[in-house]
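Enquirer: Read off the chains here:
Protein chains: 2
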Amino acid sequence: MERHFERDLNELKERLLWMGSLAERAVHQGVHSVLDSDEQLAKRVLDEEDAINELQIEIDDRVVQLLALHQLMATDLRLVLAVSRINNDLERIGDQAVNIAQSAVRILRHPRVKPYVDLPRMSEVAEEMMRDSLNALVRRDVELAQKVLAMDDQVDHYRDQIFRELLTYMMGDSSVVFPAFELILVAKNLERIGDHATNIAEDVIYMVQGQDVRHPTVDRR
Amino acid sequence: MERHFERDLNELKERLLWMGSLAERAVHQGVHSVLDSDEQLAKRVLDEEDAINELQIEIDDRVVQLLALHQLMATDLRLVLAVSRINNDLERIGDQAVNIAQSAVRILRHPRVKPYVDLPRMSEVAEEMMRDSLNALVRRDVELAQKVLAMDDQVDHYRDQIFRELLTYMMGDSSVVFPAFELILVAKNLERIGDHATNIAEDVIYMVQGQDVRHPTVDRR
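The listed protein sequences correspond, in order, to chains A and B.
The first sequence begins at 4 in the working numbering and counts up by one.
The second sequence begins at 4 in the working numbering and counts up by one.
Keep in mind the hints are simulated off the structure, nothing from the lab.
Relax, there's no trap hidden among the hints.
The list cannot tell twin chains apart, which means a pair is met if one copy fits it or any two copies do.
Cut-off 25 Å, straight-line C-alpha distance, at most; resulting in silico cross-link-like pairs (SDA-like, lysine to any residue): (1) K117 <-> E194; (2) K46 <-> D159; (3) K46 <-> L188; (4) K16 <-> L80; (5) K150 <-> E57.
Isolated chain A, as found in the complex (with noise of 0.2 Å):
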């Protein structure tokens, strides 16, 4: 019984990080189909969700039935709560992706707005939280969990800036509104895949401190 819940848990672990690295590539392409306007860049993440959205249901059922099978220990249970949560963010990971390719390909329609602030910046950070995320998962590494909390103050800084450096562009020129709008929502992305990166970071930190933290008290009841 040990074993297999080992081999089980093992597995789960495996297609969680086969997950995250299918939203890490989704996101990197849509990034890059918007800074180098490359549309087959955009149609390729459109045509890779379905595969995220399927693992996503494969590991909610390997959660359920490892559950089903074996009586674990709240430490364990912790893990495997993580995991079901990690799953759900990395699917909407996938679905800011695919936006951002939309973005992308809407962004195409219009002539070029000028250079792109400070997107390709922000989108190394927020990639960079995705990585350090899934890497603290792996080696429960409560460290590097709060170097990403910490990381998410950088997005949030950067989204500001390319939202006041678009907006004054706005005023200034009322023909770019829609295209700088785009960029705007790009900007909105990269925001929430940093958000879905911290939830990860946090569950990492839940899952290796959880009775620190939270304390669980069964008197509650």
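Let chain A serve as the given structure and place chain B on it in line with the hints.
Expert: The following block gives chain B in isolation, referenced to the frame of chain A:
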């Protein structure tokens, strides 16, 4: 043991519904702080955020306790996992209400922008989606949950309409760019509230029909 489990599960559901009512109230107050330029109401939303966050942690703890104490059948497991995910969605709806209240405070610093276009109607639909998704949960009502999914198109339609109107408005008068942009952010927040209600409705359908629509298989592992 059986009774004990029923009691724990009922308590869990009650707490989740209480969480739902707090989130609903936060959204309602947040939206009205914008529509009625009511700074006091906005501050109330900000003050009440902590209660929602604490309740989220309490519910997560209850989920862990319940799974640690009882070996559940797949049907009950799906219910408990759905509760865990819905708990997350409700907390994030609370975050969106806070964002809306913060926008309200910032909007008050500018002269009032022309009538708030379709924002009141968009917020009514988003609030109805929240209410219906929670009612669908209580009644295990798949039909009502499906109605929620259909309403998400309305929310997206209003969002597009509001974006178009406000962007056109910004093109005509550059002095309204900043306050009009705040209203765009509010519309984005309402869109996300609709998305979370959609997630809740999907969880209700998964919970009730799980096996039928998702085909969990043992031989997959």
